[in-house]
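Asks: Make a model of the complete structure from these sequences and hints.
Chains as they are written, first to last, in the numbering used here: chain A, 1 to 132; chain B, 1 to 132; chain C, 1 to 132; chain D, 1 to 132; chain E, 1 to 132; chain F, 1 to 132.
Rather than coming from a laboratory, the hints here were simulated on the basis of the structure.
There is no bait here: all hints are sound.
Pairs count within a copy or across copies, as identical chains cannot be separated in the list.
Below are the DSSO-like pairs computed for lysine-lysine, each with C-alpha atoms no more than 30 Å apart in a straight line:
{"#": "1", "residue 1": "LYS130", "residue 2": "LYS54"}
{"#": "2", "residue 1": "LYS28", "residue 2": "LYS94"}
{"#": "3", "residue 1": "LYS28", "residue 2": "LYS130"}
{"#": "4", "residue 1": "LYS94", "residue 2": "LYS47"}
{"#": "5", "residue 1": "LYS47", "residue 2": "LYS28"}
{"#": "6", "residue 1": "LYS130", "residue 2": "LYS47"}
{"#": "7", "residue 1": "LYS94", "residue 2": "LYS54"}
Protein chains: 6
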Amino acid sequence: MAIFGLIEYEQASPEVRAIYDDIMATRKVDWVGNFWKAIAHDPATLKRTWESIKQVMAPGAIDAVTKEMIYVAVSVTSQCEYCIASHTASARNKGLTDAQLKELMAVVGMASETNKLVKGYQVEMDERFKTP
Amino acid sequence: MAIFGLIEYEQASPEVRAIYDDIMATRKVDWVGNFWKAIAHDPATLKRTWESIKQVMAPGAIDAVTKEMIYVAVSVTSQCEYCIASHTASARNKGLTDAQLKELMAVVGMASETNKLVKGYQVEMDERFKTP
Amino acid sequence: MAIFGLIEYEQASPEVRAIYDDIMATRKVDWVGNFWKAIAHDPATLKRTWESIKQVMAPGAIDAVTKEMIYVAVSVTSQCEYCIASHTASARNKGLTDAQLKELMAVVGMASETNKLVKGYQVEMDERFKTP
Amino acid sequence: MAIFGLIEYEQASPEVRAIYDDIMATRKVDWVGNFWKAIAHDPATLKRTWESIKQVMAPGAIDAVTKEMIYVAVSVTSQCEYCIASHTASARNKGLTDAQLKELMAVVGMASETNKLVKGYQVEMDERFKTP
Amino acid sequence: MAIFGLIEYEQASPEVRAIYDDIMATRKVDWVGNFWKAIAHDPATLKRTWESIKQVMAPGAIDAVTKEMIYVAVSVTSQCEYCIASHTASARNKGLTDAQLKELMAVVGMASETNKLVKGYQVEMDERFKTP
Amino acid sequence: MAIFGLIEYEQASPEVRAIYDDIMATRKVDWVGNFWKAIAHDPATLKRTWESIKQVMAPGAIDAVTKEMIYVAVSVTSQCEYCIASHTASARNKGLTDAQLKELMAVVGMASETNKLVKGYQVEMDERFKTP
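Replies: Written out as structure tokens, the structure is:
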């Protein structure tokens with residue numbers, strides 16, 4: 001269980017409830033994930049994190065599904081099981097296909113392999129990759 | 001410098017040269033990066049890695065630019081500077097815009113933050129995120 | 001279950017028992033955690049690790065609670081659930097307040113985010129941060 | 001060099017300049033680090049990151065020096081050289097002593113070691129560490 | 001449960017079944033691990049990964065048990081519990097002794113500690129370690 | 001440069017000098033690496049780390065070259081360039097061949113790839129891999 005437990009909607013302060021409402025409205029769902037219920041014990045962190053996520057994950061130059069794929073890629077690389085499961089679910093809800101999910105994993109796997117080969121072989125930067 | 005040095009095209013064995021040729025032809029460029037020149041000291045690894053990368057990074061259900069973004073996301077998360085620089089360059093060559101690159105970094109940063117909050121707060125998996 | 005199982009006090013050799021005794025005496029508790037019972041299968045590692053931990057975690061220029069906070073920060077960053085849970089418990093036993101625990105997590109999260117932005121943007125070191 | 005270069009104060013837009021001014025005023029210094037100058041190419045990220053850092057790093061239940069120590073601990077664990085150097089410098093400016101810095105490193109090192117022993121020995125969670 | 005579930009031998013396509021057969025024949029066992037059954041949903045990844053693993057893990061200049069030890073060392077460092085458990089089992093099946101397993105963990109732990117001390121102390125490379 | 005600079009033999013206190021002497025005698029060399037000279041600013045950490053390394057890296061159930069390979073595998077996985085370079089050099093001094101070094105890197109790379117596939121596909125543990 002989460003360290004401080006989970007704050008359900010019914011128990012939440014008006015401040016926390018307003019953020020839960022915004023999460024549900026923005027995502028067009030009628031529930032809030034355990035992550036938010038866990039960090040709600042620190043309303044300042046809840047508010048800051050939600051507002052940042054809302055801003056960063058909104059479609060912009062990159063569409064929403066691609067942003068979820070990037071989120072999953074980071075979460076797999078840093079080995080966060082909850083984050084992998086929740087953002088894989090989000091990505092699929094937003095339209096990620098099974099074929100795309102499989103290709104995503106293949107790319108993450110290959111990138112992890114070459115990341116290590118680069119370090120192990122002590123490869124120096126090509127001049128052309130240096131920013132001017 | 002790379003641990004065994006770099007094998008330039010002129011010095012390369014026919015086996016290695018054939019792979020360099022395929023890399024350049026596939027990518028439509030006239031040069032090969034230091035990564036390939038470094039691992040060319042192990043032709044089996046060079047061949048296997050190139051063929052895997054070629055298969056995995058080819059456009060499929062996910063387009064080529066998005067695959068490069070995923071590659072960069074993994075490389076930033078695992079802190080491989082060479083990989084970040086080389087795949088950021090690749091992504092831009094394939095059409096990644098500055099606006100997209102900035103949004104990519106913002107997503108990677110936020111995902112890294114929430115990955116840690118999840119672990120720190122010891123958040124348990126929502127039932128709905130469990131695969132059946 | 002731990003790979004070799006857990007060595008309970010009753011089963012322990014005199015050598016292992018002496019270390020368990022020292023752990024309990026140092027910490028003023030009447031139990032030993034699973035970590036110690038698991039590595040007790042390698043008495044040399046048990047002894048070396050306990051003596052190192054005892055030396056390093058003793059209050060010195062940094063007080064005991066702050067040392068536990070640092071321990072938790074490392075454990076969250078390297079995603080070790082057992083270590084997070086056990087050292088969060090230790091920290092609280094030593095006086096860490098809920099408010100401090102929440103701020104700790106907020107700092108760990110933000111540091112993780114900016115760590116990635118630094119790498120992603122390929123930020124070069126300021127001259128003033130270089131050690132002379 | 002940073003991927004988009006560094007935006008110096010003189011070149012900065014009024015929006016960016018206002019944040020630089022706030023960074024300098026908050027920190028009581030007359031310069032801004034390369035990190036901020038690099039991400040200033042994305043004013044939304046600059047603003048969001050600075051406001052988050054300002055909120056999170058302000059002294060609260062945890063004092064400012066301890067927050068910097070936690071920041072350094074995370075940065076060492078995730079191997080971000082720039083972050084280690086810049087936040088070690090910040091911590092010392094805020095009063096971290098050499099003795100504390102050395103103890104900080106000793107704790108980070110030991111935590112990293114035991115994090116791995118826990119995983120390698122596949123240690124299961126003690127009942128007492130589970131949150132209720 | 002794995003995201004797409006597990007493909008058992010009986011359900012598998014001829015293409016997947018051929019790889020399962022090769023895994024069992026190569027390893028001289030009559031079962032296939034969940035990892036392979038999970039990625040079998042992407043036959044291209046299954047085939048590529050198995051062929052790569054088969055090539056890389058075959059005894060060569062390094063014997064099979066040592067290769068498994070290296071695999072475990074990487075898996076402990078990147079905190080992958082499944083990989084630690086499965087490759088520890090493989091290593092033992094191939095002859096790894098309990099004494100060796102314990103020494104392996106001790107080395108992994110110490111390396112993790114000094115990795116962090118190096119970064120924390122910002123140690124610069126010795127000239128003698130630079131490759132010519 | 002290292003945060004506190006490097007303590008050369010000539011400047012060292014008798015306590016530090018004794019450890020330098022032991023490092024050189026144990027390794028049968030006439031020099032000490034920057035790592036030791038950097039942490040020598042904290043004699044307690046220097047002594048504890050050296051004694052631990054000396055104990056752990058001594059040939060036992062696992063020979064010295066294999067231990068160095070494991071050290072390199074961990075260092076590549078946690079992306080510590082200094083550690084990779086210094087322990088690759090040590091391994092070669094102790095007899096690691098070029099062919100072995102290349103196979104080592106291939107194993108580290110493949111393990112990193114499958115570590116991520118396991119997490120991404122959310123593979124559950126096989127019953128047979130669970131310790132009794």
